[in-house]
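Engineer: If you read the sequences in order, they're chains A, B, C and D. Read in the working numbering, the first sequence has 49 at position 49, and its numbers run on one by one without any break. Read in the working numbering, the second sequence has 161 at position 161, and its numbers run on one by one without any break. Read in the working numbering, the third sequence has 120 at position 120, and its numbers run on one by one without any break. Read in the working numbering, the fourth sequence has 59 at position 59, and its numbers run on one by one without any break.
Since the hints were made in silico from the structure, they are not lab data. It is possible that some hints are incorrect.
[Unchecked claim] In silico EDC-like cross-links for lysine to aspartate or glutamate, where the CA-CA straight-line distance does not exceed 20 Å:
| no. | chain 1 | residue 1 | chain 2 | residue 2 |
| --- | --- | --- | --- | --- |
| 1 | B | K83 | B | E201 |
| 2 | C | K116 | D | E91 |
| 3 | B | K177 | B | E201 |
| 4 | B | K83 | B | E210 |
| 5 | B | K83 | B | E175 |
| 6 | B | K28 | B | E140 |
| 7 | C | K85 | C | D50 |
| 8 | B | K83 | B | D9 |
| 9 | D | K59 | A | D52 |
| 10 | C | K85 | D | D3 |
| 11 | B | K28 | B | E210 |
| 12 | C | K108 | C | E121 |
| 13 | A | K78 | B | D153 |
| 14 | C | K116 | C | D99 |
| 15 | C | K85 | C | E53 |
| 16 | B | K83 | B | E178 |
| 17 | C | K129 | C | D99 |
| 18 | A | K78 | C | D99 |
| 19 | C | K129 | C | D86 |
| 20 | A | K78 | D | E91 |
| 21 | B | K177 | B | E205 |
| 22 | C | K116 | C | D86 |
| 23 | C | K85 | D | E91 |
| 24 | D | K59 | A | D51 |
| 25 | B | K83 | B | D7 |
| 26 | B | K28 | A | D24 |
| 27 | B | K28 | A | D51 |
| 28 | C | K116 | D | E92 |
| 29 | B | K142 | B | D166 |
| 30 | D | K59 | D | D3 |
| 31 | B | K83 | B | E146 |
| 32 | A | K78 | A | E23 |
| 33 | A | K78 | B | E160 |
| 34 | B | K28 | A | D52 |
| 35 | C | K129 | C | D81 |
| 36 | A | K78 | D | D3 |
| 37 | C | K108 | C | D81 |
| 38 | B | K83 | B | D153 |
Remember, it's a predicted structure, so these values are computed and weren't measured experimentally.
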Amino acid sequence: MNWILGPMLLILLIPIYESFQDEDIWQKMLAFASVSTKTSIMILVISVLRDDWMIGVVGVLVLSVGNASLMLLAQVLKRVNE
Amino acid sequence: MTNVMTDWDLAAITALLPIAAVMTILQKNPYHALVVRGILGAIAALVYALLGAADVALTEALVGTMLAITLYAVAVRSSLVLKLGIIAPVNLPEIELDNGASNGQQDAQQNSNPEDLVHPVSKSLEEIFNLIHSFEDPQELKPLLEDLRVFCDRHSLRLELHPVPDRQALDHAMETKEVHGVALVNGDSSAHPYSVTVRVERLYELMQTELNPAISTLSTTTIKPPPAEKPLVSDASSR
Amino acid sequence: MTFFLDLCLRLTVWFLLTADPSPINIGIGIVVCLLIPRSATLSYTASLRDWGEALWQSVVAIPQAYIEAVEIMVRPHRYEDLTRKDVPPRRTPGLVFLDIFVITFTPKTIVTRYHKRGWYEVHWIRRRKPQ
Amino acid sequence: MIDQLINIVSYGCIVVGLVFWLWGTWPLVGPRSVLYKLHTLSVADTLGSVAIVVGLLLKIPSEWPLLIMALIALAIWNTILGYVLAYCSTEEPND
Chain A
1 MNWILGPMLL ILLIPIYESF QDEDIWQKML AFASVSTKTS IMILVISVLR
51 DDWMIGVVGV LVLSVGNASL MLLAQVLKRV NE
Chain B
1 MTNVMTDWDL AAITALLPIA AVMTILQKNP YHALVVRGIL GAIAALVYAL
51 LGAADVALTE ALVGTMLAIT LYAVAVRSSL VLKLGIIAPV NLPEIELDNG
101 ASNGQQDAQQ NSNPEDLVHP VSKSLEEIFN LIHSFEDPQE LKPLLEDLRV
151 FCDRHSLRLE LHPVPDRQAL DHAMETKEVH GVALVNGDSS AHPYSVTVRV
201 ERLYELMQTE LNPAISTLST TTIKPPPAEK PLVSDASSR
Chain C
1 MTFFLDLCLR LTVWFLLTAD PSPINIGIGI VVCLLIPRSA TLSYTASLRD
51 WGEALWQSVV AIPQAYIEAV EIMVRPHRYE DLTRKDVPPR RTPGLVFLDI
101 FVITFTPKTI VTRYHKRGWY EVHWIRRRKP Q
Chain D
1 MIDQLINIVS YGCIVVGLVF WLWGTWPLVG PRSVLYKLHT LSVADTLGSV
51 AIVVGLLLKI PSEWPLLIMA LIALAIWNTI LGYVLAYCST EEPND
């Protein structure tokens with residue numbers, strides 16, 4: 001089942017590239033949202049691959065925490081842009 | 001299904017970390033850097049989890065990504081600001097702000113309709129926010145402010161106007177370091193329509209090369225610390 | 001009644017996180033769920049029928065989301081559109097949250113704004129140019 | 001026999017998830033508006049990820065509490081994040 005990580009990694013490169021290339025802040029935020037979800041799913045896959053519960057819990061927590069920080073940042077950016 | 005993971009996968013995922021780090025330091029705008037820092041945090045958490053350090057990954061996600069970004073966002077927003085004192089009619093937003101807040105609360109209390117009572121606090125906050133932003137640029141300062149806005153956008157600064165009633169209050173604001181600079185309208189006899197004075201050395205250097213010299217004259221002053229601070233110093237040394 | 005629903009939701013999250021059915025853990029879970037502060041502004045006055053309907057809608061939304069996803073993958077939707085959707089009268093915040101969730105969950109529609117005067121602003125992607 | 005079927009279904013879910021990921025993430029590089037990209041991202045990040053996690057769930061049923069937690073977190077957080085991003089990136093209408 002190791003083959004999953006390869007394509008996942010390649011797809012992960014797309015938003016990373018986008019975040020570097022696009023100068024608009026909201027497009028960068030989209031890339032951030034995408035990266036944060038994708039990395040946490042990858043962590044979950046790794047935890048299943050290794051049968052390691054601990055990493056799985058971290059994956060779930062990263063999933064929710066990453067999104068929470070994104071929402072805070074989005075609100076701050078909205079205030080700044082006004 | 002076992003824990004055998006090819007070296008290639010490991011190397012490729014780990015290589016993302018330096019790439020993201022380089023991307024972060026290449027950003028010029030601090031807000032863009034914050035977003036890319038978030039991406040770096042997410043990737044770092046992935047790499048740490050991949051290498052088996054669940055605790056480090058969790059710390060990176062909680063502290064490195066969430067706390068750091070939130071704190072930096074607030075810090076950048078509150079520090080990257082150019083406060084400019086100007087003379088404008090006394091229509092201070094703060095005065096209206098109080099009215100707006102109390103009006104909002106009264107509205108919320110008078111309405112017994114449960115739907116309107118849902119967010120009384122956020123409603124009045126919204127009103128306050130609109131009032132602050134309803135302060136418009138004074139007509140006679142328009143060309144100068146446009147020039148300054150271009151300058152501020154280039155350095156991702158926020159331009160904040162501090163309207164005061166007269167010249168005396170303007171000088172006072174400068175002395176108490178309430179503002180970073182002041183802008184004045186020159187008389188018709190002068191060659192330049194406006195004059196700008198800043199007290200921050202670095203701002204002066206940047207403005208000297210980037211502001212349109214046809215619009216304004218630029219000068220800098222140093223503010224001496226007010227004598228009232230002396231007792232504090234002796235107080236500290238006696239401890 | 002909605003207090004009970006709220007408690008059930010919290011207990012579900014607790015047991016999914018801990019995954020330990022021992023009596024001690026159940027006791028700790030119940031105590032924690034009762035101790036965590038409850039939102040004071042949320043009014044729990046919605047009828048059970050409204051809640052059931054909204055929950056059913058969010059269950060139905062899952063297969064519908066996949067159908068829509070396949071649709072926009074097979075036939076490209078190039079055009080964007082902005083419409084208004086009226087909120088049913090007397091929605092409580094919890095129900096409004098569920099409404100926004102259901103609309104945004106399906107890939108063709110996203111709520112961009114909720115007006116307190118009674119409508120959602122919904123952003124669409126469409127196959128044909130909107131008039 | 002049933003084991004094999006479950007295996008096939010789980011691989012199917014994972015592959016579908018990966019296809020969703022690729023299809024939904026690819027438009028990010030293009031010049032489309034933020035809202036349009038949000039639509040495709042909701043295909044990739046919510047639906048695709050849900051499919052992948054369901055695939056994992058079928059593969060390792062013993063970890064079901066954790067993976068169901070992941071499913072709930074994914075669905076709720078990603079959807080609400082889509083709403084928040086859409087709300088924050090659009091201007092307030094003047095009325």
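Engineer: Confirm or reject each hint.
Structural biologist: We went through each hint and held it up to the structure:
no., hint, in the structure
1, B:K83 with B:E201, "15 Å, holds"
2, C:K116 with D:E91, "17 Å, holds"
3, B:K177 with B:E201, "14 Å, holds"
4, B:K83 with B:E210, "18 Å, holds"
5, B:K83 with B:E175, "14 Å, holds"
6, B:K28 with B:E140, "33 Å, violated"
7, C:K85 with C:D50, "18 Å, holds"
8, B:K83 with B:D9, "51 Å, violated"
9, D:K59 with A:D52, "14 Å, holds"
10, C:K85 with D:D3, "46 Å, violated"
11, B:K28 with B:E210, "18 Å, holds"
12, C:K108 with C:E121, "14 Å, holds"
13, A:K78 with B:D153, "16 Å, holds"
14, C:K116 with C:D99, "14 Å, holds"
15, C:K85 with C:E53, "18 Å, holds"
16, B:K83 with B:E178, "8 Å, holds"
17, C:K129 with C:D99, "27 Å, violated"
18, A:K78 with C:D99, "24 Å, violated"
19, C:K129 with C:D86, "23 Å, violated"
20, A:K78 with D:E91, "9 Å, holds"
21, B:K177 with B:E205, "19 Å, holds"
22, C:K116 with C:D86, "11 Å, holds"
23, C:K85 with D:E91, "19 Å, holds"
24, D:K59 with A:D51, "11 Å, holds"
25, B:K83 with B:D7, "55 Å, violated"
26, B:K28 with A:D24, "13 Å, holds"
27, B:K28 with A:D51, "42 Å, violated"
28, C:K116 with D:E92, "14 Å, holds"
29, B:K142 with B:D166, "19 Å, holds"
30, D:K59 with D:D3, "10 Å, holds"
31, B:K83 with B:E146, "15 Å, holds"
32, A:K78 with A:E23, "16 Å, holds"
33, A:K78 with B:E160, "17 Å, holds"
34, B:K28 with A:D52, "40 Å, violated"
35, C:K129 with C:D81, "9 Å, holds"
36, A:K78 with D:D3, "51 Å, violated"
37, C:K108 with C:D81, "11 Å, holds"
38, B:K83 with B:D153, "14 Å, holds"
The structure shown violates the earlier hints numbered 6, 8, 10, 17, 18, 19, 25, 27, 34 and 36.
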